[in-house]
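Undergrad: The primary structure of each chain is shown beneath.
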Amino acid sequence: MKLKKKTFRILRNNSLFIKMFLIMVISIVAVSLLITFSSIRMSSDLFMDTFSISNTRALEQIETEFEDYSFAIVAATNEVQNNGTIKRVLTQTNATTLETYSSYHDISEQIERIYRTVESYDANMIVLGNNELLYNVNYSNWPVSWETLRNHPISQYTINRPNRLLYQYLPSTSFTEEPMIVATKTLMERSTGEIYGVLYFPIREAQLKQFYEGYTSEENEVMLVDADGKIVSGNQEEMIGQDAPELMALAKEVDDEGLEYKDVKVFGTDYMLMAQYLPTYNMYLVNLVDKDAVLANLINTREILLISLGIVLIAVFIVFIISRRMTNSISRLVKQISTMAKHDFNVPVAETGGYEAKKIANAFNSMLNELQEYVDLAIQAQQKQRSAELMALQHQINPHFIYNTLASIKFMIQQGKKEQATDMIHALIALLQNALSNVEQTITVEQEIADLKNYVLINQSRYGDGIKVNFFISPDCLDCQLPKLILQPFIENAFFHAFNEKKLGFVQILVFQKGENLLCEIVDNGDGMEIKGDYTKEDIKEKRHLFSGIGIRNVHERIQMLYGEQYGVDISSVKGEGTKIKVELPLQKVSNSSEANEIPRT
Amino acid sequence: MKKFNLMFLAAASMATLAACSSGDEEASGGSGSEGSADVDEITAWAWDPAFNIAALENAKEAYNGDGDYEVNVIENAQDDIIQKLNTGLSSGTTNGMPNIVLIEDYRAQSFLQAYPDAFHPLTDVINSDDFADYKIATTSYDGEQYGLPFDSGVAALYVRTDYLEEAGYSVEDVTDITWQEYIEIGKDVKEATGKNMLTLDPNDLAQVRMMIQTNGSWYVEEDGSTPNIAGNETLEAGFETYKEMMDADIAKIVSDWSQFVGAFNSGDVASVPTGNWITPSVKQAADQSGNWAVVPMPRLDMEGAVNASNLGGSSWYVLNVDGKEQAADFLLNTFGSNPDLYQTLVEDIGALGTYSPAAEGDAYAVEDEFFGGQQLITDLSTWTDEIPAVNYGLHTYAIEDILVTGMQDYLNGAELDTVLESVQGQAEAQLK
Numbered sequence: 012m013k014l015k016k017k018t019f020r021i022l023r024n025n026s027l028f029i030k031m032f033l034i035m036v037i038s039i040v041a042v043s044l045l046i047t048f049s050s051i052r053m054s055s056d057l058f059m060d061t062f063s064i065s066n067t068r069a070l071e072q073i074e075t076e077f078e079d080y081s082f083a084i085v086a087a088t089n090e091v092q093n094n095g096t097i098k099r100v101l102t103q104t105n106a107t108t109l110e111t112y113s114s115y116h117d118i119s120e121q122i123e124r125i126y127r128t129v130e131s132y133d134a135n136m137i138v139l140g141n142n143e144l145l146y147n148v149n150y151s152n153w154p155v156s157w158e159t160l161r162n163h164p165i166s167q168y169t170i171n172r173p174n175r176l177l178y179q180y181l182p183s184t185s186f187t188e189e190p191m192i193v194a195t196k197t198l199m200e201r202s203t204g205e206i207y208g209v210l211y212f213p214i215r216e217a218q219l220k221q222f223y224e225g226y227t228s229e230e231n232e233v234m235l236v237d238a239d240g241k242i243v244s245g246n247q248e249e250m251i252g253q254d255a256p257e258l259m260a261l262a263k264e265v266d267d268e269g270l271e272y273k274d275v276k277v278f279g280t281d282y283m284l285m286a287q288y289l290p291t292y293n294m295y296l297v298n299l300v301d302k303d304a305v306l307a308n309l310i311n312t313r314e315i316l317l318i319s320l321g322i323v324l325i326a327v328f329i330v331f332i333i334s335r336r337m338t339n340s341i342s343r344l345v346k347q348i349s350t351m352a353k354h355d356f357n358v359p360v361a362e363t364g365g366y367e368a369k370k371i372a373n374a375f376n377s378m379l380n381e382l383q384e385y386v387d388l389a390i391q392a393q394q395k396q397r398s399a400e401l402m403a404l405q406h407q408i409n410p411h412f413i414y415n416t417l418a419s420i421k422f423m424i425q426q427g428k429k430e431q432a433t434d435m436i437h438a439l440i441a442l443l444q445n446a447l448s449n450v451e452q453t454i455t456v457e458q459e460i461a462d463l464k465n466y467v468l469i470n471q472s473r474y475g476d477g478i479k480v481n482f483f484i485s486p487d488c489l490d491c492q493l494p495k496l497i498l499q500p501f502i503e504n505a506f507f508h509a510f511n512e513k514k515l516g517f518v519q520i521l522v523f524q525k526g527e528n529l530l531c532e533i534v535d536n537g538d539g540m541e542i543k544g545d546y547t548k549e550d551i552k553e554k555r556h557l558f559s560g561i562g563i564r565n566v567h568e569r570i571q572m573l574y575g576e577q578y579g580v581d582i583s584s585v586k587g588e589g590t591k592i593k594v595e596l597p598l599q600k601v602s603n604s605s606e607a608n609e610i611p612r613t
Numbered sequence: 008m009k010k011f012n013l014m015f016l017a018a019a020s021m022a023t024l025a026a027c028s029s030g031d032e033e034a035s036g037g038s039g040s041e042g043s044a045d046v047d048e049i050t051a052w053a054w055d056p057a058f059n060i061a062a063l064e065n066a067k068e069a070y071n072g073d074g075d076y077e078v079n080v081i082e083n084a085q086d087d088i089i090q091k092l093n094t095g096l097s098s099g100t101t102n103g104m105p106n107i108v109l110i111e112d113y114r115a116q117s118f119l120q121a122y123p124d125a126f127h128p129l130t131d132v133i134n135s136d137d138f139a140d141y142k143i144a145t146t147s148y149d150g151e152q153y154g155l156p157f158d159s160g161v162a163a164l165y166v167r168t169d170y171l172e173e174a175g176y177s178v179e180d181v182t183d184i185t186w187q188e189y190i191e192i193g194k195d196v197k198e199a200t201g202k203n204m205l206t207l208d209p210n211d212l213a214q215v216r217m218m219i220q221t222n223g224s225w226y227v228e229e230d231g232s233t234p235n236i237a238g239n240e241t242l243e244a245g246f247e248t249y250k251e252m253m254d255a256d257i258a259k260i261v262s263d264w265s266q267f268v269g270a271f272n273s274g275d276v277a278s279v280p281t282g283n284w285i286t287p288s289v290k291q292a293a294d295q296s297g298n299w300a301v302v303p304m305p306r307l308d309m310e311g312a313v314n315a316s317n318l319g320g321s322s323w324y325v326l327n328v329d330g331k332e333q334a335a336d337f338l339l340n341t342f343g344s345n346p347d348l349y350q351t352l353v354e355d356i357g358a359l360g361t362y363s364p365a366a367e368g369d370a371y372a373v374e375d376e377f378f379g380g381q382q383l384i385t386d387l388s389t390w391t392d393e394i395p396a397v398n399y400g401l402h403t404y405a406i407e408d409i410l411v412t413g414m415q416d417y418l419n420g421a422e423l424d425t426v427l428e429s430v431q432g433q434a435e436a437q438l439k
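Protein sequences, first through last, are from chains A and B.
Residue numbering for the first sequence follows my numbering, beginning at 12 and increasing consecutively.
Residue numbering for the second sequence follows my numbering, beginning at 8 and increasing consecutively.
What the hints contain is simulated information worked out from the structure, not anything from laboratory work.
Remember, predicted model here, so these are calculated numbers, not experimental data.
Be aware that a few hints might be false.
Unchecked claim - Below, a list of computed lysine-lysine pairs in the PhoX-like style, where the Cα atoms sit at most 25 Å apart:
#1 K513(A) to K525(A)
#2 K593(A) to K513(A)
#3 K429(A) to K370(A)
#4 K259(B) to K98(A)
#5 K91(B) to K220(A)
#6 K16(A) to K30(A)
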């Protein structure tokens with residue numbers, strides 16, 4: 012729960028950053044992906060187009076090579092056909108040894124000469140006569156005997172098609188180590204139609220391959236497919252000799268329709284197929300391009316993707332740093348502002364981060380300062396009002412007090428207690444004089460005690476001296492300052508409320524220094540009371556004030572208003588034993604006469 | 008591809024990343040290290056997978072020296088080897104040349120004389136006395152031994168004992184005979200069995216070559232380049248003998264190898280006078296086992312002629328390129344001094360070497376049931392030592408091409424002297 016809450020808080024605090032960052036990342040990735048893929052696709056398309064064009068050229072080149080070879084074969088064939096010596100030797104029968112000897116020499120001479128036409132192609136040349144004569148120019152190329160060759164299917168096939176130059180595929184068998192493509196032609200006496208031999212031009216597939224091998228690669232295959240759909244040559248060794256009629260059909264289609272190329276699926280792979288018909292061979296030259304493989308070689312998709320990824324990462328990193336910086340200062344500002352209430356609006360926010368954040372913080376701080384000023388003014392006004400109230404209260408000397416005192420004096424004069432009456436009048440005069448002067452002024456302890464003594468004197472004169480009042484004043488406190496009439500309400504309280512049951516007792520007033528404070532204690536041994544609730548707010552027994560409007564509550568309030576919250580009044584009382592009142596004040600001595608009467612402001 | 012990448016990078020305006028794509032260009036290049044003489048791979052060229060290539064592979068296994076290098080055996084057609092050597096050596100470049108190359112003895116001199124500096128002499132490497140004399144003559148030049156003799160081309164007469172018997176002859180009757188005696192026997196055999204005595208190929212004068220070497224003569228003089236045709240009595244005798252064979256009508260005319268092999272495999276001829284390398288072909292006709300014997304080659308009826316000759320054969324040569332020390336070391340520790348290797352060669356591929364110490368090995372003494380229990384290898388090895396040494400010179404095949412035509416004329420009735428003089432004239436005109 013706690014963790015979830017914490018996570019939620021973190022998310023909320025960073026929501027601006029998360030939103031911004033996510034949007035940026037998504038945009039960067041999207042843009043990079045789009046650019047990457049569109050450029051790969053564009054270049055692939057472009058490449059495949061040029062590739063098909065250049066491959067078509069290559070096919071034409073290859074076709075030329077094949078035609079050159081075919082031309083050489085045709086030329087050699089024509090020469091053999093038109094060669095009288097060869098015809099003579101191949102048709103002669105029942106010759107003597109010597110004649111045979113000469114014939115063999117002659118035919119060899121002729122054939123060796125004709126052979127030069129095809130020699131450069133590394134093709135072999137074999138002349139087979141019906142009279143058991145076999146002339147094999149390059150025996151090691153195809154070590155074959157007369158009987159074998161004469162009865163070989165390719166010879167039969169050729170003899171059955173006497174007027175055509177045929178290209179036949181010979182798979183690798185025990186007697187031809189390698190697959191061969193054999194050009195064959197029947198040697199026929201034109202006038203009589205008599206077949207006197209067969210001419211063979213076997214070329215090893217490996218040799219034929221050289222016509223096109225230079226144009227091929229693993230993903231760019233070239234193969235020669237005969238009319239039966241058999242692959243007779245190809246740059247992929249394992250394909251040679253396989254039957255692929257579907258390939259032949261496709262090649263035929265491409266060639267017949269004159270297509271540039273066709274996308275096909277053969278041998279389980281997608282290819283771009285180009286084809287060219289070789290009429291002299293009756294074979295199709297097929298070019299298969301494995302698109303994917305070619306493109307994979309050409310365009311290093313991985314590298315491009317890596318570069319894109321690198322760019323994305325760097326951009327994301329930069330975006331992270333920048334947006335983090337921007338949102339961080341704002342988030343911090345928001346956090347500071349949201350916790351502002353806890354600090355009474357008097358702690359300014361830190362002006363850090365980016366320009367915008369600084370400006371906002373700055374504006375906020377100015378606003379805060381102004382607000383603070385207004386608050387101060389409001390508090391001051393309130394205080395002034397309160398002190399005016401207090402002053403007003405202080406000035407309200409109870410008329411009954413004066414009336415009763417004057418009545419007492421009248422009785423004293425009637426009784427002839429002249430001196431006593433004089434003292435009482437003196438005391439009343441002094442008391443009124445001090446009480447009615449400015450309420451804000453402080454007076455020395457000495458004066459205050461004098462006032463209190465006068466008050467006590469008046470009271471004792473009026474009510475008798477059953478209640479004794481003792482003053483214990485520490486001499487070093489005499490010149491200390493304290494607000495006027497601060498102790499009077501407590502003595503009045505003691506006189507009129509503490510001794511309702513007991514008729515006799517005493518009230519002791521102590522004034523002394525304690526540390527930096529001035530401590531005044533008013534202790535009586537009267538009835539005591541039960542303290543309920545907050546006595547500082549409400550008087551325990553709110554009675555009519557007998558002397559002035561200032562009650563005990565007001566005393567506490569006044570002290571706190573003047574000196575601060577650490578000062579004030581403390582009352583402790585035990586029922587039947589008495590009450591103890593402690594008044595704590597700051598120790599202020601008259602050092603400078605000019606400021607002596609000013610109450611310090613807090 | 009590179010261009011594309013750069014385009015893409017530019018488009019992405021991330022020029023800083025360009026470095027990572029263009030770094031791989033330096034990896035290639037700087038390949039040529041031709042300055043160093045010490046190499047860890049040497050190359051050998053030969054042409055026949057069943058014969059000399061196989062021999063090289065055997066040699067690699069048999070190598071007992073302490074050199075540390077790889078031997079890379081490459082198969083090339085013999086014509087290709089000749090062409091590549093000629094092209095390479097004449098242009099003076101050693102690039103792409105092998106360290107070891109096999110050259111047919113008839114052609115060896117043409118290379119040694121044309122490019123004497125291109126070959127690394129083995130005079131101090133091998134002991135010439137260990138090899139058949141006639142081989143040394145063809146593989147050395149100007150007093151230096153260049154070739155390490157490989158297979159023996161010792162010629163022999165393979166005879167059908169059953170046909171001879173039918174005509175009333177025994178193996179002894181055809182042993183150490185002259186060609187004239189051979190022709191007489193041939194006539195009787197043809198009369199008795201109807202079979203020809205031998206095959207002749209009008210385009211290959213191997214018979215003549217074997218004949219004249221029995222008397223230590225060749226198409227060229229001792230210097231190896233001057234045609235020795237006109238007035239060469241041995242050659243005249245050879246031609247005459249050849250014509251006698253034609254006249255006696257004991258020869259079956261063949262035009263190529265298949266007919267040549269076919270003739271004796273099918274039992275059409277009673278004898279095969281040729282190089283010992285024909286043994287495997289003869290043995291192909293397993294049904295004729297026990298009906299064959301091998302006897303020394305007939306000699307010309309002349310003073311000094313011996314019953315021993317040669318046909319073909321080849322030798323190893325070290326080219327003067329980096330790695331020649333390793334190549335010489337390889338040859339010395341295999342074909343040059345390892346009798347056991349020759350036993351293996353005889354047993355595994357039927358290749359008869361010309362290294363004399365090898366003749367004492369067990370493999371040489373094996374009795375061959377096909378040839379009626381004859382110790383064929385021992386016999387061939389013995390005859391090898393008797394072959395008269397001749398300098399095959401530079402132009403064996405060139406002269407023979409002219410001689411083939413000359414033989415036609417001679418057989419058709421021209422005067423021998425005229426024919427030979429004509430050939431001499433043509434040869435001099437063509438070769439000088």
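Undergrad: Are the hints correct? Go through all of them and say.
TA: Hint-by-hint comparison with the structure:
{"no.": "1", "hint": "K513(A) to K525(A)", "in the structure": "violated (32 Å)"}
{"no.": "2", "hint": "K593(A) to K513(A)", "in the structure": "holds (23 Å)"}
{"no.": "3", "hint": "K429(A) to K370(A)", "in the structure": "violated (83 Å)"}
{"no.": "4", "hint": "K259(B) to K98(A)", "in the structure": "holds (21 Å)"}
{"no.": "5", "hint": "K91(B) to K220(A)", "in the structure": "holds (22 Å)"}
{"no.": "6", "hint": "K16(A) to K30(A)", "in the structure": "holds (20 Å)"}
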